[in-house]
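Asker: One-letter residues, chain by chain:
Protein chains: 2
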Amino acid sequence: MADLSTCPPLTRASVLAAHDLIRPFIHRTPVLTNRTIDEFASTPRTAEELQGTPWQITEESTAEKSANPKLRLWFKCENLQRIGAFKARGAFHAVERLKREPGWEASGGFSKGVVTHSSGNHAQALALAARTAGMPAHIVMPEISAAPKVAATRGYGANVVFSGSTAPERLAVADKVMAETGARMVPPYDHPDIILGQGTAGLELQEQVAEAKAAGVTSTATKGAQPTAFLRAPTSAPEPTQNPGLDAIMTPCGGGGLLAGTVLSAQGTGIRVFGAEPSLDGADDCTRGLARGKRIEAVSSLTIADGLRTPVGVHNWAVLTGDTPEGKGQGVHGVYAVGEDQIRAALRLLLERMKLVVEPSSAVPLAVVLFNEEFRRRVEKEAGPEGWDLGIVLSGGNVSLEGFSKLFPS
Amino acid sequence: MADLSTCPPLTRASVLAAHDLIRPFIHRTPVLTNRTIDEFASTPRTAEELQGTPWQITEESTAEKSANPKLRLWFKCENLQRIGAFKARGAFHAVERLKREPGWEASGGFSKGVVTHSSGNHAQALALAARTAGMPAHIVMPEISAAPKVAATRGYGANVVFSGSTAPERLAVADKVMAETGARMVPPYDHPDIILGQGTAGLELQEQVAEAKAAGVTSTATKGAQPTAFLRAPTSAPEPTQNPGLDAIMTPCGGGGLLAGTVLSAQGTGIRVFGAEPSLDGADDCTRGLARGKRIEAVSSLTIADGLRTPVGVHNWAVLTGDTPEGKGQGVHGVYAVGEDQIRAALRLLLERMKLVVEPSSAVPLAVVLFNEEFRRRVEKEAGPEGWDLGIVLSGGNVSLEGFSKLFPS
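Taken in order, these protein sequences are the chains called U and D. Heads up, the final residue of the first sequence is numbered 410 in the working numbering, and it's a clean run with no missing numbers. Heads up, the final residue of the second sequence is numbered 410 in the working numbering, and it's a clean run with no missing numbers.
It cannot be assumed that every hint is accurate.
Unchecked claim - Listed below are the simulated DSS-like cross-link pairs for lysine-lysine, each with C-alpha atoms no more than 27 Å apart in a straight line:
#1 U:Lys406 / D:Lys176
#2 D:Lys406 / U:Lys149
#3 U:Lys70 / U:Lys381
#4 D:Lys99 / D:Lys176
#5 D:Lys112 / D:Lys149
#6 U:Lys99 / U:Lys112
#7 D:Lys149 / U:Lys406
#8 U:Lys328 / U:Lys406
Everything labelled a hint here was simulated from the structure, so no lab data went into it. All of these numbers come straight from a predicted model, not from anything done at the bench.
Kindly produce the complete structure, drawing on both the sequences and the hints.
Answerer: What follows is the structure, given as structure tokens:
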């Protein structure tokens, strides 16, 4: 990991520079639209649909009670990214930055390699990035990690080192590996290089939607999962729109690398950026932290959105709250939370309607868009009858079929 | 359905004409590649992998025993087509042809509409095509049809009429509907208009692969599910190739509409076309029929590839055997069958590696490519060290999550 003192400033320009560095190694993943989901998003929720949520309707008429926003959704398919998740972006960026750090190569950097502690997508992402660069990767994983995850990480050529399950135990083993090998730590989210790398997803999404709209594609021009770049014959002329691309972007928020990077990618563009979290067991740490004006440092939740069980990191928090030297006051526009049933319902739509395999964490933004009445009222109010073109980052697709069987028993 | 006497000849030119007719109504679905699956396809099967198949290895060394073809696979994603399956192509074509039939409109065609018997994708496809054209669709479904399928068909505005489960019972009800309403029958596969419509998938696949290769994209240039149109920066220079596009295409074969249409789409191009079937309970009726030189008229199988439980139709059979006035001797190049375990293994790869939701029927061609040693030896022999660029049509994605839970229990 590049030394903090040598990190580029946390700005949109740095996200653009990160994109130039990693472009040869990552996929420009497609952006898909789906008219059925747009229609559902642009219809007021019924009393039944809001049953059991904080926005439950207890009295008479629904139509007057529930929000009625107009939304056109653009899905950025990072489940089709290398290693099946956006994490490849940050890992490749961290490794490319490290290669360019003065003195790193001369001090034997390529033989010392990198280390991290992760049992998720970051483990595979760093393993792939290190192998591509020709350096070893040491991945500290809890002994209780699922065998397929260990196998997948080893499949990318990494040296898996087992540890206990608690954070201190994992860090202790990582420290030991660093001391023994001289490998550099590449943390999963709490570092400027990681944030800048993840932000490239937001950058591409902005470009791709602007390109699609310039080519006359509207997100609701056709029905079904529709890859914009392949649409040659829109069924109707595009409606005139006020802006050239997106009005807003929403991403999941766990450690906050993707969300913070996306905030940076939108600086100065006028595009609003929102985060989405699970509410179960206090996994909505970012929402709560923003409300009380202080980062929440620990989370313990068993939400099905297992990629979002971590608290927001320190650097990530600074970006989200607009508390960086270069981004004063330009933080996230809002973070919203939803319950497990709503995440499951959104996940079902992505799988059954869009025919995309995504992780439960990836369904959280769509769940907010469909079921969080607070967010929906905000869109109704701020966007008016024109509505918004809203980009959603589908963060990853690494789930086993047996995992789905548990979520949707037959 | 257009009268048989007015149908265009079964040629590639007619598939091109069909494409012009339906282009405003269908998606040009993406073509994806996946390096991991290419590598697996281009590696000899082990004794364990062939266990329980007709190609089981009982003696010593595996490497000498199993086939070693080189394959670059291009997946045409008809699971992202409207209504979630290629069937939209045939249905829109049948309806567009009907609209152009002399005298049809004057005789009240638009108010009489269309009728079919189907509980699968054709039901939804015809319902959508009819609604788009502004005519009623009467869909005869067995009383025992799953409630979600009935709801989906009604969701496209169709009038669902229930019948008994046997073929004669369904036909009797359809006849009654025709007599009462004057609606025209649009059968699911056994008709020239349907065959020509389905063939447009093969046509697009040929175009898209040729475009991608011209742009310097090789199917193995990058890892992971990779949409060709979005790949701007291949990680390596393309290898020189002898042909401008595909060497071969493989599709599933049930009633034979998609396979026959694909055969027509490849006429005169030099591209070989293959079919893939399940072998369980004699569902490999096309393979067996070709071997004995006579169409098999009935199939009764409970294969998980439930879209492929029907025997090949009469018109379809004529095309596949090269027994049409215009296509003499230009039939299918071969049809191959695989067992249930192999279909399941291929389905898992498509879901877990390519992150695509597909029906079990869609996995049958990949299962043949990976596990049918007869086909693999043929590729090894005919393609040599150059290997083949092989297109595979992923036919549809209409499966419920509960359906997957039954296939892959947790």
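Asker: Against this structure, judge whether each hint is valid.
Answerer: A quick look at each hint next to the structure:
Between U:Lys406 and D:Lys176 the alpha-carbon distance is near 45 Å, which puts this suggested pair outside the 27 Å criterion. Between D:Lys406 and U:Lys149, the direct Cα distance comes to roughly 23 Å. Compliance with the 27 Å bound is thereby established for this hinted pair. Using a Cα cut-off of 27 Å, the hinted pair U:Lys70 and U:Lys381 holds, with the two alpha carbons roughly 10 Å apart. Taken as a hint, the D:Lys99 and D:Lys176 pair is honoured in the structure, with Cα atoms around 23 Å apart against an allowance of 27 Å.
For the hint linking D:Lys112 to D:Lys149, the alpha-carbon distance of about 24 Å falls within 27 Å, and the restraint holds. Proximity of U:Lys99 to U:Lys112 is assessed by CA-CA distance (about 12 Å); at most 27 Å being required, the pair is judged to hold. Taken as a hint, the D:Lys149 and U:Lys406 pair is honoured in the structure, with Cα atoms around 23 Å apart against an allowance of 27 Å. As the CA atoms of U:Lys328 and U:Lys406 are separated by approximately 44 Å, the hinted pair breaks the 27 Å bound.
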